[in-house]
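> Use the sequences and the hints to build the structure in full.
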Amino acid sequence: MFSRLSYTFREMWASLRRNFTLTAAAIITAAVSLFILGLTLLVLRGFDNQLSQWSGGVELIVYVENDATPEQLQVVRDALESNPAVIDVDKLEYLDVDASLAEAQRLFAGDPETLQLLTAENIPTQFKVVPQPDASAELLTEIASSYKERLPKVISVAFPSKQIDVLSTLRGVVQFVLYLITLILLFSAVLLIWNTIRTAMFARRREIEVMKLVGATNWFIRVPFMLEGLIQGLVGAVFASGGVLTANWYWTSTVQSFPPDSGFGAFVVTGNYPQWVVFWLIVLGMLVGAIGSGTAASKFLDV
Amino acid sequence: MIKLENVTKSYSTEVTALQDASFDVAKAEFVFLVGPSGSGKSTLLRLMNRQEKPEKGEVWVAGRNINDMPDAKVPHLRRNIGNIFQDYKLLANKTVFENVAFALEVIGRPKHVIRQQVPAVLDLVGLSGKQERFPHQLSGGEQQRVSIARAFVNRPLILLADEPTGNLDPTTGEGIMRLLDRINKTGTTVVMATHDQRIVNMMRKRVIQLDRGIIVRDQARGVYE
Ligand SMILES: Nc1ncnc2c1ncn2[C@@H]1O[C@H](COP(=O)(O)OP(=O)(O)OP(=O)(O)O)[C@@H](O)[C@H]1O
Ligand SMILES: [Mg+2]
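For the protein sequence lines, the chains are H and Z, in the order given.
This note's numbering puts the first residue of the first sequence at 1, with every later residue one more than the last.
This note's numbering puts the first residue of the second sequence at 1, with every later residue one more than the last.
It is worth saying that the hints were derived from the structure and are not from the lab.
Just so you know, these numbers come straight off a predicted model, no measurement behind them.
We put the CB at the ideal spot given by N, CA and C, even for glycine.
Any given hint might turn out to be false.
Below, a list of computed lysine to any residue pairs in the SDA-like style, where the Cα atoms sit at most 20 Å apart [unchecked claim]:
id: 1; chain 1: Z; residue 1: 3; chain 2: Z; residue 2: 162
id: 2; chain 1: Z; residue 1: 94; chain 2: H; residue 2: 221
id: 3; chain 1: Z; residue 1: 53; chain 2: H; residue 2: 78
Simulated coverage check for chain H against chain Z, where a stretch passes if three residues somewhere in it have a Cβ under 8 Å from a Cβ of chain Z [stated by the list, open to error]:
id: 4; segment: 200-209
id: 5; segment: 244-252
Next comes the structure, spelled out in structure tokens:
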């Protein structure tokens, strides 16, 4: 068992060194593609944070004071529900103090000072309103504009700004382009790893011939090559992860130094989402390596 | 030990490398395969360790039909068969010791077995002083001895030799022949393809002669022609 392991690692290491240039190309391609994928995931997450307030077709938010009583809230709700032709009553959602605080965490992630000012005692709660699909925008505006005067404890009613519309279009474009680039680069990484392994096997065809003649199993012959590809993918993923974490840290600290009204306050990613991205980059890197080397090792074993 | 029944092998529609070949080789027997170039000697040897599969007929080795054998079992078959070639097939970047040890290493033999068996077999082939040399530092005869050591180190039941003396001068070739004879006397079955008339006539072993893929003679204690 031990001699098998040491054989496997010795051969793998020797081969990695012998094929240095090709190996480097494969690792760099894997790293770049995974880095772009990581950035894509973070950027999309930033978009989602920025857009989170308005997700799910919400087009109107009614902010209510923190100290509204259940009866007062019911009055607001009744008013909203009295217009089922314009407002989709089933999708009407009330965010209480806890839910509003949680949302603020995302919305003001890049603006810690504002975030600090919001507490369970002062944060407004909110009704999120999704209009009926065929309701006219004017009608919605008309109804909503009367709320502030007519209803108790309503602070304000908000509509999505033009900026939000632009952002959500932009998100779609960014998602499409970056995913496409990632896919193409990942595919070239697989091809490069495949080619590295093919070259490595060709360089060792005499050894492989002897191994087959003396009765080494195909798996025994294959495993060092597959491991070699796996490690190329893994090393690429580690570089990519380092790059992604650094880029995210740099961007977050940049956004936090923007003025509070920059409009980018939510455009950062915090919490353990970056770790989650890194985890998947590593899994994907190893997968890319395993696919590239596994197919090569099976195909070229009959040398 | 080895049995062929009506074996036919062709590489393409025109080339029939072997036609309806049948014979038996008993345990510890020594057999020469002779015949002109292209008559099918190498093909016959390759059929015996499943480097090739026949179109028709059956090949039995050590009591098992090796044509029906699943691919996954072939490595285990080959561990019982040593192979020797005209061009030695040694690995240039490994020493004599490492070349022989390699054969044990890649079938998962533990280190202590390797440390014990490799010097023993190198001693048997008369190379104990040259363990640390590389193949290019050896004569052709010595290189062939290394390849024999590698083929024999796992104590196979059968040794298949394809023109092992083909690249060697007569005296050196004779030395290799005596070594193979000695190995045969330990109970190992040996099948050797050769063009070496002198050696065949000197040894007076069983001779199977091929001509264009057909067995034309199978003679105990035979001569080359
Ligand atoms: N891999 C192959 N593909 C196609 N034809 C082959 C192949 N190997 C051998 N042959 C053909 O099969 C026939 C028998 O070849 P084989 O190598 O068995 O002969 P041989 O008796 O070993 O010859 P030699 O004495 O020259 O080594 C020849 O006609 C050869 O051209
Ligand atoms: Mg031949």
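> With reference to the structure, classify each hint as holding or not holding.
Status of each hint after checking the structure:
no., hint, in the structure
1, Z:3 with Z:162, "18 Å, holds"
2, Z:94 with H:221, "18 Å, holds"
3, Z:53 with H:78, "84 Å, violated"
4, 200-209, "holds (count 3)"
5, 244-252, "violated (count 0)"
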